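S.K.: So the sequences go chain by chain: A and B. Its first residue numbered 0, the first sequence is counted upward by one per residue in numbering that gives the first Met the number 0. Its first residue numbered 0, the second sequence is counted upward by one per residue in numbering that gives the first Met the number 0.
What the hints contain is simulated information worked out from the structure, not anything from laboratory work. Check before you lean on any hint, since a few could be wrong.
Below, simulated DSBU-like cross-link-like pairs (lysine-lysine); rule was C-alpha separation at most 35 Å, straight line [as the list claims (entries may be wrong)]:
#1 Lys135(B) / Lys76(A)
#2 Lys113(A) / Lys135(B)
#3 Lys174(A) / Lys135(A)
Note that the structure is predicted; figures quoted are calculated from it, not measured.
Spelled out, the chains give:
There are 2 protein chains.
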Amino acid sequence: MVPQYKLTYFNLKGLGEPLRFLLKYGNLDFEDIRYELKDWPQIKDKQPFGQLPTLEHNGKVAVQSIAIARYLAKQVKLTGANDWEDLEIDSVIDTITDLRAKIISNHENEEAMKQVRKESIPFYLNRLETIAKNNKGHLAVGKLTWADVYFAGALDFINARAGVNIIEKYPNLQKVVDTVLTIPQIKKWVATRPKTDL
Amino acid sequence: MVPQYKLTYFNLKGLGEPLRFLLKYGNLDFEDIRYELKDWPQIKDKQPFGQLPTLEHNGKVAVQSIAIARYLAKQVKLTGANDWEDLEIDSVIDTITDLRAKIISNHENEEAMKQVRKESIPFYLNRLETIAKNNKGHLAVGKLTWADVYFAGALDFINARAGVNIIEKYPNLQKVVDTVLTIPQIKKWVATRPKTDL
Chain A
0 MVPQYKLTYF
10 NLKGLGEPLR
20 FLLKYGNLDF
30 EDIRYELKDW
40 PQIKDKQPFG
50 QLPTLEHNGK
60 VAVQSIAIAR
70 YLAKQVKLTG
80 ANDWEDLEID
90 SVIDTITDLR
100 AKIISNHENE
110 EAMKQVRKES
120 IPFYLNRLET
130 IAKNNKGHLA
140 VGKLTWADVY
150 FAGALDFINA
160 RAGVNIIEKY
170 PNLQKVVDTV
180 LTIPQIKKWV
190 ATRPKTDL
Chain B
0 MVPQYKLTYF
10 NLKGLGEPLR
20 FLLKYGNLDF
30 EDIRYELKDW
40 PQIKDKQPFG
50 QLPTLEHNGK
60 VAVQSIAIAR
70 YLAKQVKLTG
80 ANDWEDLEID
90 SVIDTITDLR
100 AKIISNHENE
110 EAMKQVRKES
120 IPFYLNRLET
130 IAKNNKGHLA
140 VGKLTWADVY
150 FAGALDFINA
160 RAGVNIIEKY
170 PNLQKVVDTV
180 LTIPQIKKWV
190 ATRPKTDL
């Protein structure tokens, strides 16, 4: 049978892994297409906005990883119970994106990264830790949502670029990640997925 | 009567104006709180993530401008008809955000901005123009959605930072903006809102 979804990304975790986590969580059948970075110059111009990941479904192609994650979250029933709950989830997702952008945009500059490790990471993590504490080990609305799955799926790449385990001193954030990684479908995926550094 | 919503931002258009457009579009009663930039150092630490805008509703406060915009879009019925349509809308919103980030992060460096004007802006705008053409003068799903209202509300600030009118050569994108700016509630708001440079 032809898979329902086609996810195209690089052969790394990066911005693709949170989407793979969501697809696996919901047992959605998908083709996991992975390009090597060295082949990117030949492939870039064929992408709608010169970027990956893309998601193909019913013959249509979508871009933008967070938008795709939100769509998948709806398919696997990991959204909020009402509009305000979805706002809480979207808000923490965009905050994770801000933190990641701060790390990614500075990771090649060791002086800048020292500052990011000393200031930005604790600034964000202290606040996210309080949120996780107030939500009983979740990132929003007091239960498992796509914010938790997204964060757990994004963490390896963020940590690799940060050069530290950003949640090491934050037990409630560690609980968020542990909860996701012990979900059987996710646990199996992590044990069997292609091994990559990033 | 106490307004239902409280929007807190700076006394400028920036990331706040698309939210004001959405509130005005839906005739939602809101308090439009505007801080002067010079007062920001005293206010910053009181914000949940040291950032504005925030939206207050029913005694709860939300952060992150795009997340807030999506929430308001649901209240004023400017979303898609199904999950895939919402993905199309979210995707174009995130693309506008990418373009804006590229402009904002370089606007203080004239050499970098020359490159942004020569490469990034045409790259994004050509693709967005094709989308607007294929969607009959809208940014997604062939009808008015919050993507159109967001873009029209964000444009003045983007243009001010870009130093050019980025849609000048793109008739279908101009049509998107014209359609929004002729909606009576929006037209009235633009005519009567506080005058600001950014």
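S.K.: If a hint holds in the structure, say so; if it does not, say that too.
M.R.: These are the hints, each one checked on the structure:
no. : hint                  : result
1   : Lys135(B) / Lys76(A)  : holds, 33 Å
2   : Lys113(A) / Lys135(B) : violated, 49 Å
3   : Lys174(A) / Lys135(A) : holds, 9 Å
Checked against the numbered hints above, the structure violates only hint 2.
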